[in-house]
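*Asks:* Protein chains in written order, with the working numbering: chain A, 1 to 148; chain B, 1 to 516.
Treat the hints with care, since some could be wrong.
The following label-pair restraints were derived from C-beta to C-beta distances [claimed, not checked]:
id: 1; chain 1: A; residue 1: Ser120; chain 2: B; residue 2: Ile296; range: 54 to 64 Å
id: 2; chain 1: B; residue 1: Ile296; chain 2: A; residue 2: Ser58; range: 24 to 34 Å
id: 3; chain 1: B; residue 1: Gly144; chain 2: A; residue 2: Ile87; range: 44 to 54 Å
id: 4; chain 1: A; residue 1: Ala119; chain 2: B; residue 2: Phe297; range: 56 to 66 Å
id: 5; chain 1: B; residue 1: Val500; chain 2: A; residue 2: Ser120; range: 52 to 62 Å
id: 6; chain 1: A; residue 1: Pro63; chain 2: B; residue 2: Glu176; range: 30 to 40 Å
id: 7; chain 1: B; residue 1: Met511; chain 2: A; residue 2: Pro63; range: 49 to 59 Å
id: 8; chain 1: A; residue 1: Ser58; chain 2: B; residue 2: Ser161; range: 23 to 33 Å
id: 9; chain 1: B; residue 1: Thr122; chain 2: A; residue 2: Ile91; range: 31 to 41 Å
id: 10; chain 1: A; residue 1: Pro88; chain 2: B; residue 2: Glu235; range: 26 to 36 Å
id: 11; chain 1: A; residue 1: Leu29; chain 2: B; residue 2: His292; range: 50 to 60 Å
If you're looking for bench data, these hints aren't it; they were derived computationally from the structure.
For every residue, glycine included, the Cβ atom is placed at its ideal position computed from N, Cα and C.
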Amino acid sequence: MVPTLSGRIQTRIFLLIVVGVPWTALVSLVLPRKPGGTLSGMYEATFFVLGTVIVVGSVFWEPLYHALMQFRWEKDWPILFLLLEGIPEAIIAYVILKNLGPMPKHPAAGWPAFVIDFASLWILVWLCAVGPMRVPFHRWRFRGGQLI
Amino acid sequence: MAVHDTATDRPDNLTDELISTDIWTDELVARSGMPVYDVPFVSVGGGIGSFVLTDFLRVYGVPSSSIRVLTGLDYPWQTYQYLTQVSQIPEQERLRSDSSSMPDNLWGFPSYAFREARAERTLAPLWNVVTEPILSNYWTPRAGTVFKGLQAEADRVDYWSTVVKGQVRMSRRRAEGGYFTVLTPPEGTSSTRRVAFRSRWVHLAVGYPGLKFLPDLQEYRARYDDYARVVNAYEPHEHVYEELRRRPGIVVIRGSGIVASRVLQRLIDDREQHGANTTILHLVRTYVSGAHGESIFMRRSGGDGWAYQGFNYPKSAWGGQLWRKFRTLEGEDRAKLYDAIGGTNTPKRKSWMEQLARGRKEGWYRVHVGTVSEVAPGADRTVVTKVASRTDTGQNLILEVPAHFVIDCTGLEADIAEHRVLADLIDHSGAGRNPKGRLDVERDFEVRGTRSGVGRMYAMGSMTLGGYFPGVDTFLGLQLASREIVDSVAEQGFVPKMGVGRSVSQWIKWMRKERI
Numbered sequence: 001m002v003p004t005l006s007g008r009i010q011t012r013i014f015l016l017i018v019v020g021v022p023w024t025a026l027v028s029l030v031l032p033r034k035p036g037g038t039l040s041g042m043y044e045a046t047f048f049v050l051g052t053v054i055v056v057g058s059v060f061w062e063p064l065y066h067a068l069m070q071f072r073w074e075k076d077w078p079i080l081f082l083l084l085e086g087i088p089e090a091i092i093a094y095v096i097l098k099n100l101g102p103m104p105k106h107p108a109a110g111w112p113a114f115v116i117d118f119a120s121l122w123i124l125v126w127l128c129a130v131g132p133m134r135v136p137f138h139r140w141r142f143r144g145g146q147l148i
Numbered sequence: 001m002a003v004h005d006t007a008t009d010r011p012d013n014l015t016d017e018l019i020s021t022d023i024w025t026d027e028l029v030a031r032s033g034m035p036v037y038d039v040p041f042v043s044v045g046g047g048i049g050s051f052v053l054t055d056f057l058r059v060y061g062v063p064s065s066s067i068r069v070l071t072g073l074d075y076p077w078q079t080y081q082y083l084t085q086v087s088q089i090p091e092q093e094r095l096r097s098d099s100s101s102m103p104d105n106l107w108g109f110p111s112y113a114f115r116e117a118r119a120e121r122t123l124a125p126l127w128n129v130v131t132e133p134i135l136s137n138y139w140t141p142r143a144g145t146v147f148k149g150l151q152a153e154a155d156r157v158d159y160w161s162t163v164v165k166g167q168v169r170m171s172r173r174r175a176e177g178g179y180f181t182v183l184t185p186p187e188g189t190s191s192t193r194r195v196a197f198r199s200r201w202v203h204l205a206v207g208y209p210g211l212k213f214l215p216d217l218q219e220y221r222a223r224y225d226d227y228a229r230v231v232n233a234y235e236p237h238e239h240v241y242e243e244l245r246r247r248p249g250i251v252v253i254r255g256s257g258i259v260a261s262r263v264l265q266r267l268i269d270d271r272e273q274h275g276a277n278t279t280i281l282h283l284v285r286t287y288v289s290g291a292h293g294e295s296i297f298m299r300r301s302g303g304d305g306w307a308y309q310g311f312n313y314p315k316s317a318w319g320g321q322l323w324r325k326f327r328t329l330e331g332e333d334r335a336k337l338y339d340a341i342g343g344t345n346t347p348k349r350k351s352w353m354e355q356l357a358r359g360r361k362e363g364w365y366r367v368h369v370g371t372v373s374e375v376a377p378g379a380d381r382t383v384v385t386k387v388a389s390r391t392d393t394g395q396n397l398i399l400e401v402p403a404h405f406v407i408d409c410t411g412l413e414a415d416i417a418e419h420r421v422l423a424d425l426i427d428h429s430g431a432g433r434n435p436k437g438r439l440d441v442e443r444d445f446e447v448r449g450t451r452s453g454v455g456r457m458y459a460m461g462s463m464t465l466g467g468y469f470p471g472v473d474t475f476l477g478l479q480l481a482s483r484e485i486v487d488s489v490a491e492q493g494f495v496p497k498m499g500v501g502r503s504v505s506q507w508i509k510w511m512r513k514e515r516i
C-alpha cells in the first residue's frame with residue numbers, strides 16, 4: 001500500500017484501536033511492574049501511551065512523514081520506513097508519558113515496561129499493515145490506505 | 001436469409017445493413033441469420049485482463065454461466081508468455097512486477113515473495129521486500145511463478161467454462177439496451193460464419209493494438225526486404241544470438257527501457273558464458289547522466305544513460321498520491337503530468353549494471369547519443385545506421401555506425417485504430433480518445449460515449465493509457481481497474497458488493513485452494 005495523507009491517518013487510527021486496544025489490554029498484564037505499582041497503574045500508563053501514539057501520530061507524525069515523502073520521486077513509503085518510524089515516535093511518546101502522563105503515588109511502569117509495550121505494539125501493527133489488512137479490506141490498497 | 005450448413009459455402013451473416021447501422025435492433029440481427037446467445041456479461045480479449053476481471057466477478061459471487069470470455073487465445077497468459085519469452089524473460093527469470101501485484105489473488109496477500117520463501121524454504125525474499133528499495137533492489141517474481149499461479153486460479157474459479165473461442169469482430173449498441181458482440185468462431189465449430197452475444201455489459205481487454213517499429217527501421221525492412229538483420233525485440237530473434245555466438249559481430253541496440261536492459265543482459269551473458277565476441281553499440285536519443293526532473297520534489301534517479309525507476313510508473317500511481325492526483329486532472333493538465341512522470345526507464349538491477357560497467361571499461365559496450373537519420377545496407381552484409389549527433393563543442397556531425405544486427409527495443413505501440421474492434425467502436429459506437437490519443441474511459445473504466453440504455457461498456461489495459469489512471473498496462477493496474485469495474489456493475493445490481501465478511505471468507509477459500 002502506498003499511502004495518501006488521509007489513508008495514513010485512517011489506517012493508523014483504525015489499527016491502533018482494533019489491534020492496539022486488545023493488545024495493550026493483554027500485554028499490560030505481563031509487563032514488569034515497579035515495586036508497589038498496581039495493575040491499574042500499569043493500564044493507565046499503557047493506555048496513555050496508546051492514546052499518545054494515536055493523537056500525536058495523527059496530528060504531527062503523519063503530516064510530517066507525508067511532507068518528507070514529497071522528496072521521494074515515487075511518492076511512496078517503503079515498509080522499512082513504516083517500521084523505523086517507531087523509533088522517533090517511541091522517544092517522543094516516552095517524553096510525553098514522563099511529563100504529561102498519569103502520576104500515581106506508586107508508578108507502575110518504568111522504562112523496561114515502556115520498551116516492551118511500545119515495541120510489541122508497533123511491530124504488531126506494522127505486521128498487520130504490511131499484509132493482513134488487505135484480507136478484510138480488499139479495496140484499501142487501491143485507495144492509498146483509506147478505509148472511508 | 002438462408003444459412004448454409006457447410007463450412008465452405010456459408011454466407012456472411014455480417015450484412016452490409018448491419019455494418020452500416022450504428023445501433024442494432026433485435027429484429028435486424030435476427031434477419032441476418034446470426035444465432036444470438038444471451039449472457040449478462042461479455043469480456044472481449046481473453047488475456048490476463050479478461051482473466052483478472054473474471055476472477056473478481058467470480059469471487060464477488062457471479063456464476064461462471066453469467067460470464068462469457070470471447071478470445072482467440074488458448075489460455076489467458078499466452079500472449080504475455082510469448083512476449084516475455086522473446087524479449088528475453090524466460091520462465092526462470094524475473095519480471096518487472098511488484099511482489100503483491102498478483103493477477104491470481106485479488107487481495108495480494110500472501111505475496112509472491114511469501115510463496116517463494118515457503119516453496120524454497122528461505123527468508124531471503126521476505127528480507128528483500130522488507131528492505132526494498134532502500135537496502136536492496138525491488139524483489140520481483142519469476143515469470144514461471146506467475147504462470148503457475150494463473151493456471152491454479154483459473155482452475156479454482158472455473159475460468160475455462162467461461163471461454164468461447166473465436167475472433168471478435170465488433171461490439172455494437174443494441175436499441176433495446178446493452179450490446180451485441182459479434183464473434184467469428186473457428187472453422188467447423190459453428191453452422192454460421194458469425195455468432196452474436198447479447199449482453200448488458202461488455203468488457204474490452206484486447207491488449208496491445210499492435211507493435212510498431214521505429215519508422216527508420218520499418219523503412220529499411222520494407223525497402224531492402226531484410227527481416228533478419230533488423231529485428232524487433234518483441235518478435236522471435238533467437239538467430240541473432242546464435243550467430244553472434246558463432247562469430248564475432250557488432251550489434252546496435254535502440255531504446256533504453258526494460259527490454260533494452262534485458263537484451264543487453266542476454267548479449268553479455270552470451271559473451272561471458274558462451275565466449276561470444278560481441279561489440280555492443282547502444283544508440284539513445286537522450287543520455288541521462290544523473291538525477292533529473294523539474295524540481296527537488298520531482299526528481300528521478302538516473303545515470304550512465306539510463307533513467308531508473310522500479311516499475312513503469314512511480315509507485316504511488318497505483319493507489320497512492322499520484323493515483324489521487326490523476327483522478328482530478330482533465331485534458332492538457334493530465335497529459336502534462338503524464339509527460340512529467342513518463343519517459344523510458346528501467347529498474348536498477350545490480351547484475352546488468354555491473355555487466356555494463358565491465359563493458360564500458362573493456363570497450364565492448366559503447367553508448368552513442370543522437371537521432372537516427374537513415375538506416376542503409378553497408379559492406380560485408382552489415383547495416384549502417386547514420387546518426388545525427390553533436391560534439392561537445394556544439395558541432396553537428398553524422399556518425400555512421402555499421403553493425404551486423406540492429407535490435408529495436410523501443411516497444412512502440414500502434415495506434416488504437418489499428419485494432420479492428422477499437423476502430424469500429426470509435427466509428428460506430430460513440431467512443432472517443434483521451435488526451436493521449438487512446439480510448440477515453442471514465443474513472444470507473446466505463447468507455448465514454450458508449451452507454452446503451454441499461455448497458456455499460458468498460459475497457460482496461462494498454463488501450464486506455466492517458467486516462468485517470470496511468471498504471472493500466474500492469475498486473476496491479478488490471479487488479480485496480482477490475483475492482484473499479486466490478487464495484488460499478490455491483491452498484492447496477494449484477495452482484496452484491498463484496499464487504500468485509502465475504503472478503504475474509506473468500507480469502508480463506510483461496511488459501512485452502514477451494515474451488516468456487
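*Asks:* Look at each hint and say if it fits the structure.
*Replies:* Each hint, compared with the structure:
no., hint, in the structure
1, A:Ser120 to B:Ile296: 54 to 64 Å, "38 Å, violated"
2, B:Ile296 to A:Ser58: 24 to 34 Å, "27 Å, holds"
3, B:Gly144 to A:Ile87: 44 to 54 Å, "40 Å, violated"
4, A:Ala119 to B:Phe297: 56 to 66 Å, "34 Å, violated"
5, B:Val500 to A:Ser120: 52 to 62 Å, "26 Å, violated"
6, A:Pro63 to B:Glu176: 30 to 40 Å, "54 Å, violated"
7, B:Met511 to A:Pro63: 49 to 59 Å, "37 Å, violated"
8, A:Ser58 to B:Ser161: 23 to 33 Å, "49 Å, violated"
9, B:Thr122 to A:Ile91: 31 to 41 Å, "35 Å, holds"
10, A:Pro88 to B:Glu235: 26 to 36 Å, "53 Å, violated"
11, A:Leu29 to B:His292: 50 to 60 Å, "56 Å, holds"
Hints 1, 3, 4, 5, 6, 7, 8 and 10 from the list above are not met by this structure, while the remaining hints are.
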